[in-house]
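Residue numbers (our numbering), protein chains in the order written: chain A, 2 to 308; chain B, 84 to 569.
Examples of chain A residues toward chain B, derived with CB under 10 Å:
hint, residue
1, GLU128
2, GLY142
3, ARG184
4, ARG240
5, GLY264
6, GLN285
7, LYS291
What the simulated footprint calls covered on chain A by chain B, stretch by stretch (three residues with Cβ under 8 Å from a Cβ of chain B suffice, anywhere in the stretch; the number is not a length):
hint, stretch
8, 100-111
9, 204-218
10, 244-256
No wet-lab data here; the hints were simulated from the structure.
All residues carry an ideal CB built from backbone N, CA and C; glycine is no exception.
Chain by chain, the residues run as shown.
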Amino acid sequence: MSTLASTDAALVGFATEVGSEGPIAVQGGGTRWHLGGVLAENARLVEAPAGIVDYQPAEMIITVRAGTTTAELHAALAEHGQTCALPERGGTVGGAVAVGENRLDRLGRGSVRDAVLQVRYISAEGEAVTGGGPVVKNVTGFNIPKLMTGSLGTLGLIAEVVLRTNPTPPLQRWLRGEHVDPRDLHDAVLRPGAVLWDGVNSWVLLEGHEADVDAEIGRLEARAKITPASGPPELPSYRWRLSPADASQADRLTDGDFVASIGVGTVWATTAQPIRKPDPGAMQIATRMKQLFDPSGRLNPGRSSWT
Amino acid sequence: MSWLRRRSRPTDPLLADLCGALAPDRVRADGAERSLTSHDASVFDGGVSGPVCFPTSTEEVQAIMRLAERHERSVVPRGAGTGLAGGAIPLGAPIVVSTGKMNRVVQVDLENRIAWVEPGVINLDLSKELRPKGFHFAPDPSSQQVCTLGGNVANNSGGPHCLAYGVTDAHVLAIEVVLPDGQVAMLGGLEDEPGGLDLRGAFVGSEGTLGIATKIAVRLTPNPPAVRTMLLSFASVRDAAQTVSDVIAAGVVPAALEVMDQRMVTAIENYVGAGYPTDAAAVLLAEVEGLDTGVDIDVARIDEIGRANNATNVSLAGSEEERAALWKGRKTAFGAVAQIAPDYYLHDTVVPRAKLADVLEQVYEIVDRHEVLVLNVFHAGDGNLHPLLVFDAREEGTLERVHAAGAEILRASLDAGGVLSGEHGIGVEKQHYMAELFADADLDHQNRLRQAFDPACRANPGKVLPMGHSCADIQALREVPTGVWG
Chain A
2 MSTLASTDAA
12 LVGFATEVGS
22 EGPIAVQGGG
32 TRWHLGGVLA
42 ENARLVEAPA
52 GIVDYQPAEM
62 IITVRAGTTT
72 AELHAALAEH
82 GQTCALPERG
92 GTVGGAVAVG
102 ENRLDRLGRG
112 SVRDAVLQVR
122 YISAEGEAVT
132 GGGPVVKNVT
142 GFNIPKLMTG
152 SLGTLGLIAE
162 VVLRTNPTPP
172 LQRWLRGEHV
182 DPRDLHDAVL
192 RPGAVLWDGV
202 NSWVLLEGHE
212 ADVDAEIGRL
222 EARAKITPAS
232 GPPELPSYRW
242 RLSPADASQA
252 DRLTDGDFVA
262 SIGVGTVWAT
272 TAQPIRKPDP
282 GAMQIATRMK
292 QLFDPSGRLN
302 PGRSSWT
Chain B
84 MSWLRRRSRP
94 TDPLLADLCG
104 ALAPDRVRAD
114 GAERSLTSHD
124 ASVFDGGVSG
134 PVCFPTSTEE
144 VQAIMRLAER
154 HERSVVPRGA
164 GTGLAGGAIP
174 LGAPIVVSTG
184 KMNRVVQVDL
194 ENRIAWVEPG
204 VINLDLSKEL
214 RPKGFHFAPD
224 PSSQQVCTLG
234 GNVANNSGGP
244 HCLAYGVTDA
254 HVLAIEVVLP
264 DGQVAMLGGL
274 EDEPGGLDLR
284 GAFVGSEGTL
294 GIATKIAVRL
304 TPNPPAVRTM
314 LLSFASVRDA
324 AQTVSDVIAA
334 GVVPAALEVM
344 DQRMVTAIEN
354 YVGAGYPTDA
364 AAVLLAEVEG
374 LDTGVDIDVA
384 RIDEIGRANN
394 ATNVSLAGSE
404 EERAALWKGR
414 KTAFGAVAQI
424 APDYYLHDTV
434 VPRAKLADVL
444 EQVYEIVDRH
454 EVLVLNVFHA
464 GDGNLHPLLV
474 FDAREEGTLE
484 RVHAAGAEIL
494 RASLDAGGVL
504 SGEHGIGVEK
514 QHYMAELFAD
524 ADLDHQNRLR
534 QAFDPACRAN
544 PGKVLPMGHS
554 CADIQALREV
564 PTGVWG
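Same shape as in the complex, but just chain A (with noise of 0.2 Å):
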């Protein structure tokens, strides 16, 4: 298994392009170039290889290179009616696991950290590094996977992840309710895919067999009157992080128009979340991570996912 990432010639090829010294980062579609800080100028930029290595609808899992485009990704899942957590909003695989951003329907396709069944990458050194395995459920040896996914390149330049896929719900419909307690809605169904408020409108995402789905419509206009919507509300563009419990008084903590993300915590608002202070604790592990992983401070330098 491991000798795969030696022997890989599209992982290789990108090790030596990756090499050991200067300092590099990975270009992906470039739509959350600006996270994280203002990258190094003097950064060489070099692009992931791309394509599906394998994929085993029968599994629920896929192998793709980090420089895949989400949107073949998902065209390819579902064509197997199949999806996956990660966002479909343009990009590359590679640049949505280095931001680690979810979905607006986390409700209902879990999170990106908990797809990343397995990450190949390369080295501040220049060598291809596997970590994880492609099986669903794993507990050998620590878990790389998870540092990598939301690492913004800065710990390694991911190449190619396996993800845990997920059926496509049979029926999905999208819901809006005025001047109810979006709160209500999110208690009032089992697995919504996902509930929004932007203060004054609700919008739900129902999803399963259509009886259920009927039948969860029908708890949802005890508490307000529903109306069937679209889709979801355009989301302006900052992403606030905060807990569910903030988040459903987001009217109250943002500026001008926002979208709350309900049981879930995540807020769109217009103006930028003030900075808030990381734990003193985690911020001293993760300057020895980098440290540890990164020794030249080479990989994605002027970034940082703590930023």
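Given the structure of chain A, go ahead and fit chain B onto it with the hints provided.
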């Protein structure tokens, strides 16, 4: 044991300092206590335990860590000691930190759907407290009546119901950790994307090698309104395994898919009488949960797939009592084997689900060749095999045959594209096999992760990574003052 509660301070400097930091009756150094903590529930020889501490607060754990550093001793956290990979075995006479007295559910926060718990809270106790509120803690390891949540975090524990809900990692949002240098760190947060590196994710499953969890925010899972539990019988283990593969392939995600072979079923029936058919070569316990229509559709699909794979009987639990009996059988499986032989070695590997039937056939072939008896009971839906080798260790040469068969089972799983462990961890059991799954560079990076938390390798040294890839461990183990605790 009253002589332990000495009025005068002990003369050993470490003991004296520990007694000063904790109440003296919460530091034990007697032979009985140290013997109790010298091993876990695995077949592996115990280690040598140093003083055993029972802290009651984060501050006391910090004090223990600082004293360990000052006295150049390592530290091993310990929950209920139900681990099966030797993760809690003390190597090099470390200070053993029992979480037994940190067992409070600190806060149940329904608005955030989490609970803050201390590490010594027992898994099942938490779910019992949550059930009336409409929630439960989803991971349900077989040892859930006694195992602790701190232990669940350390091992990233699974259980039958992790098929649909995910293992412990998916149910832990934040962890307050005391690092080996005594500093406190809050890893993760109640936010969905807390920002920064996912140090929480790195800590879960780290087997006590990164520090000690002192407070854990766990996710509350709503109790499903509808549950259906099915029992399918098969004339061959292959048919049962194929049914599992086909159910997953059909896009059905049951809450649990558990397979038991005939020997296991017979042992369970003799033990608790769960109502399993003893004439079947294998049974599949399948549970689906959710909303009424969905579960009925899933039941019909599983029924259809089972029959297409030659199921000889398919039945649906007609009442809560019948359902409880079916689960009682599954969950007492390990108790049931005691009637067959005094000792057992429970293995734990994961293979791709499509390879389940092939690897199981190899398992039977391997144990036959080594003249060892095997019973199989496993989380089939995850591809998580649990061959249970039963034996009498008093018979000469038996343990050697058991280990030889175990090694071959591991290799067969790796050859099928699987991994070394699905939920028991590596501990001391499988560290020698790590290099068969991972390349040197892979292991080197795992060691870097470990060192970021614990630069001196003072937390549970000698575990998980093979010695050659964790050189600082050797140093930590060497520092033991030989003769003092021997």
